[in-house]
Amino acid sequence: MMPNNFVPSEFIVNVDHQRCRRCKRCILNCGFGVFDFQNMTTADSSKCVACHRCVIFCPEEAITITRNPLAFKEHASWDVRLRKAIWKQAQTPGMILTGMGNELPWLNIFDHLLIDACQVTNPSIDPLREPMELRTYLGRKPEKVSVSNSNDGFEIETPVENNIKIDIPIIFSGMSYGSISLNAQRALAIAAERLGTLMNTGEGGLHNELYPYANNIIVQCASGRFGVHTEYLNAGVAVEIKIGQGAKPGIGGHLPGEKIEREISGTRMIPVGTDAISPAPHHDIYSIEDLRQLIYALKEATGYKPVSVKIATVHNVAAIASGIARAGADIIYLDGFRGGTGASPAIVRDHVGIPIEIAIAVVDKQLRKEGIRNLVSIVAAGGIRQAADVAKAIALGADAVGIGTAALIALGCRLCQKCYTGNCSWGIATQRPELTGRLDPDWGAERLVNLVNSWATELKEILGALGVNAIESLRGNRERLRALGLDSTTMEILDVKPAGR
Amino acid sequence: MAELAVDSSNEQSIARIEASGMHYQEINEKVRSLIEQGYLRIVLEGVNGQRYIGDGLTSNVDIVVNGVPGNDLGAFMNGPNIFVNDNAQDAVGNTMNAGKIVIRGHAGDVIGYGMRGGKIFVSGDVGYRVGIHMKSYADQIPVIVSGGRAGDFFGEYMAGGILVLLGIGYENKEVVGTYVGTGMHGGTMYIRGDLKDWQLGREVRVFSIDDEDKGVLLALMEEFSDDTTVDVGNLEISDFLKLKPFSHRPYGDLYVY
Chain A
0 MMPNNFVPSE FIVNVDHQRC RRCKRCILNC GFGVFDFQNM TTADSSKCVA CHRCVIFCPE
60 EAITITRNPL AFKEHASWDV RLRKAIWKQA QTPGMILTGM GNELPWLNIF DHLLIDACQV
120 TNPSIDPLRE PMELRTYLGR KPEKVSVSNS NDGFEIETPV ENNIKIDIPI IFSGMSYGSI
180 SLNAQRALAI AAERLGTLMN TGEGGLHNEL YPYANNIIVQ CASGRFGVHT EYLNAGVAVE
240 IKIGQGAKPG IGGHLPGEKI EREISGTRMI PVGTDAISPA PHHDIYSIED LRQLIYALKE
300 ATGYKPVSVK IATVHNVAAI ASGIARAGAD IIYLDGFRGG TGASPAIVRD HVGIPIEIAI
360 AVVDKQLRKE GIRNLVSIVA AGGIRQAADV AKAIALGADA VGIGTAALIA LGCRLCQKCY
420 TGNCSWGIAT QRPELTGRLD PDWGAERLVN LVNSWATELK EILGALGVNA IESLRGNRER
480 LRALGLDSTT MEILDVKPAG R
Chain B
0 MAELAVDSSN EQSIARIEAS GMHYQEINEK VRSLIEQGYL RIVLEGVNGQ RYIGDGLTSN
60 VDIVVNGVPG NDLGAFMNGP NIFVNDNAQD AVGNTMNAGK IVIRGHAGDV IGYGMRGGKI
120 FVSGDVGYRV GIHMKSYADQ IPVIVSGGRA GDFFGEYMAG GILVLLGIGY ENKEVVGTYV
180 GTGMHGGTMY IRGDLKDWQL GREVRVFSID DEDKGVLLAL MEEFSDDTTV DVGNLEISDF
240 LKLKPFSHRP YGDLYVY
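Protein sequences appear in the order of chains A and B. Under numbering that gives the first Met the number 0, the first residue of the first sequence carries the number 0, and numbering increases by one thereafter. Under numbering that gives the first Met the number 0, the first residue of the second sequence carries the number 0, and numbering increases by one thereafter.
Hints are computed from structural coordinates only; laboratory data are not their basis. Errors might be hidden in some of the hints.
What the hints assert, rightly or not - Derived DEER-like restraints, expressed as beta-carbon distance ranges: (1) A/GLN88 with B/ARG204: 38 to 46 Å; (2) A/THR456 with B/GLY20: 53 to 61 Å; (3) B/GLY20 with A/ARG367: 15 to 23 Å; (4) A/GLU491 with B/GLY45: 35 to 43 Å; (5) B/GLU44 with A/GLU491: 40 to 48 Å; (6) B/ASP238 with A/ARG325: 33 to 41 Å; (7) B/ASP230 with A/ARG325: 46 to 54 Å; (8) B/ARG201 with A/HIS16: 22 to 30 Å; (9) A/ASN207 with B/GLY45: 28 to 36 Å; (10) A/GLU129 with B/ASN59: 52 to 60 Å; (11) A/ARG325 with B/GLY45: 29 to 37 Å.
Since we're looking at a predicted model, the values are computed, not measured. The beta carbon of each residue, even a glycine, is placed where N, CA and C say it ideally should be.
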C-alpha cells in the first residue's frame, strides 16, 4: 500500500504527564485539534502549527513544542521546504496556500541602513525635556502657501484640500473583516481612536459596530466592491482604492465560502456560503485615466474626502506612482513584498514584487523630480517591524507607515502562517465563535496602544539624537542615513551614501 | 424617440438645469441642492459628456438627462431614478445600490460593475464587461436589461442578480461576445438567441426556461417596455436561454494546504 502523506510533522508536541493535571485546557485552547484525552492527554503532532496557545495556557507548563528533529539529507539546492512542497503538490494538485508575509531570507535593506546622530558640533535634543513633534498630515498639500496679515496675526489664503491629521506617523494596515475577526478589528479601531491614528477596513466592508470609530477609519474599495455603499464610503475619513497588496501583487483574492457566515455575509453584502471573489484587476480600471475616473467618482460620492490608492510595490513602481499622483489620489499606499496576507499562494507571496525600502526611495525621488511630491502623501508598509524601520522609511521619503503584521503579533499572533485555515487559536484570523471570543477587544486595544506608544517614544529618542524636533525634519532626509553592506547600485537607487562617507 | 412624459399636475416639484458647458461638479452640487429644496424631478438639459451625474445620491428623486451623459452615470447611487433620452457612455451604475437607470439608446462598457441593487434598462446595445461582479444580498436583486446585444465578458464574476439580453434586431446573429459568465458563481442570465459553447465561460451551464423564469422575464420585459418604449410584444419566451453557474465555489479546489 502506498502512503498518502509523505510530509513528516513539522513540530513535535510533548506532554509531560508527571506535570499534567488533566485539566484539558490544552484541548479547549487548540484551534487545530491537536489534543485529545484518552485516560491521559494525547497530542497529534501532525496538526501542530506551533502557535503556542496551549503552551501559554497550560497552568503546569507541561507542554513543550519542539521542531521535528528528523534529519533530511542536506542539499543546498533542494531545500527541505521545496521538497515538502513537491510532496504536497504531487499528492493534491493546486497552488500552495499560505498566510502572513514573505518568509524567504531575502536581503532586508532596513537592516543595512544606519541612522545618524549628533555629537559635539550639533547638539542633540532631549525628548524628555523638549517637545518632539510626530504629528503628520496625510493628503494633498498646496504647491506654495500665500498668507496675508489679518487682525489675529495672519491668514492662509491658499485653499488647502482635506488632509487627515494623525498624531503618530503609524497607521494600521487594511485587514478585512473575514480575514481577521470582528474582535481583532474592534481592537484596532479602539486603539486607532486612542492613539489618534487610523485603521483600515480592508476589503470586507464596515461592520455596524465599528461605525462609532469612523473618524479613525479608512474604508476600502477594492475589485470585489464588497460592502461598498454610500453610507460606508461616507463613514470614514478617507476612501482607499485597493489595486494591489504586497503579499500578492497582481492577483485577486478568494475568501472561501465556508468563512462567509451570517455576520460576514451581512457586512460584505453577499449570501452566506458564497465565495467572496475579488477579481485580480478592478474591471473598471485598465489605465491611469480609468483610475482617475474612479478616484473622482469616489470624491463626488463623498464630498471630496481624500482618496488613497494602495498598490503592491513592483518593478515599475515609480512611474505607476507618478500616474497615481497625477490621477488625483491624495495618498499613495505602497505595500512592499514583505507585506502580510490572510491567504496568498506561496509562490506569489515569496517571489513577486520588490522591497518597500527601494519602492519608497524611487517613488519619492520620481515625484520630486517631476515636481509633484506635494500632490500626495506616501504611506509605506510591508515589512515595518520596529521603530527603527519607521524612522528609516520616513528618512527614505515616506510620510507615514502602515503596520499589519506587527499589530497582529501584538495581539498574540505567533506567525504560524495558517490564517487561511480559519483555525487561529488566538482568535485573530478566524470566525469560529469559540475562538474569536478569546480576543477581548479592550485587552487587544491596550496592547496595540502600548506597542505604538513605545515606538513613538523610540522615534522621539531617534529624532532627539538626530538633533531635530519634528518628524517633518527627517522626512525624505536621506543624508541622515548611511548604508552598510549594500552594493553601490542599490545605494545609488536608495540615494544613500555608504557608512564612512 | 419621445421625451419622457412630465407630470404637469405637479409642476412645482420639477426643476430644470441648463447643463450645457457646465462642469460635473457644479451639476452635482446643483442637483444635491435642488433635492434638499424638495424637488422631486430634476431635468438636466444639454448634457454632453459630463461624468458622475447622480453619483452617490441617496434620495428618491427622478433625474431626466437630455443629452449624452459621461462615464460613471449613477455610480454608487442609492435610490434615484435616472432617465436618459439618448445614449450613455461607460460605467453606468458602477457599484450602484438602489434606484433605476433607464437609457433610451445604447450604453458603453462596464455597465453595472459590482452592482448590488436597483435596475438598469438600456433600450439598445451594451458594450464589453457588462454586469461584472453583480451581486445580490438579502432582498436586493440587481437587474440589467439590454434590448440589443452585448460584447465580451458579459456577466463575468457574476455573483448574483439578473442579466437579460433581449437581442432585438439581432435575430439569427450573435447577440453576445465570448467569455460569457466567466467566473460566474451566482445569479441568473437570460439571453434571447443562440449561444455556442465557445462563447461560454467554463463556470456556466445553459438551461431551458421554466415557468418561474417565464414569470420573472415577463414582468421585467413589461417594465422594460414601459420605461424604454421598446416593443417587446412579439418576443417568444421560448427563444430565451438561461445561464446559471455550476457552483457558488468556482475556485474551491485551486489550493493545497
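Inset, instruction - Could you tell me whether the CB distance from B/ASP238 to A/ARG325 stays inside 33 to 41 Å? - result: 49 Å, violated
Inset, instruction - May I ask you to test the hint 46 to 54 Å on the CB atoms belonging to B/ASP230 and A/ARG325? - result: 48 Å, holds
Legend entry - A/ASN207 versus B/GLY45 beta-carbon gap, inside 28 to 36 Å or not: Since A/ASN207 and B/GLY45 have Cβ atoms about 43 Å apart, the given range 28 to 36 Å is violated.
Legend entry - CB-CB spacing for A/ARG367 and B/GLY20 relative to the 15 to 23 Å hint: With Cβ atoms ~37 Å apart, the hint is violated.
Inset, instruction - Could you say whether the range 53 to 61 Å given as a hint is met by the Cβ separation of A/THR456 and B/GLY20? - result: 57 Å, holds
Legend entry - Distance restraint evaluation - B/GLU44, A/GLU491, Cβ atoms, bounds 40 to 48 Å: The hinted range 40 to 48 Å is violated for B/GLU44 and A/GLU491, with Cβ atoms some 59 Å apart.
Legend entry - C-beta pair A/GLU491, B/GLY45: status relative to the range 35 to 43 Å that was hinted: The hinted range 35 to 43 Å is violated for A/GLU491 and B/GLY45, with Cβ atoms some 56 Å apart.
Legend entry - Whether the CB-CB distance between A/GLN88 and B/ARG204 falls inside 38 to 46 Å: Distance hint for A/GLN88, B/ARG204 is violated at roughly 29 Å.
Inset, instruction - Starting from the range 29 to 37 Å, see whether the pair A/ARG325 and B/GLY45 falls in it by beta-carbon distance. - result: With Cβ atoms ~30 Å apart, the hint holds.
Inset, instruction - Using the Cβ atoms, figure out if B/ARG201 sits within 22 to 30 Å of A/HIS16. - result: For B/ARG201 and A/HIS16 the Cβ distance comes to about 54 Å; the hint is violated.
Inset, instruction - State, for the Cβ atoms of A/GLU129 and B/ASN59, whether the hinted interval 52 to 60 Å holds or is violated. - result: Holds: the Cβ-Cβ distance is about 58 Å, inside 52 to 60 Å.
Hints 1, 3, 4, 5, 6, 8 and 9, counting from the list given before, are not met by this structure.
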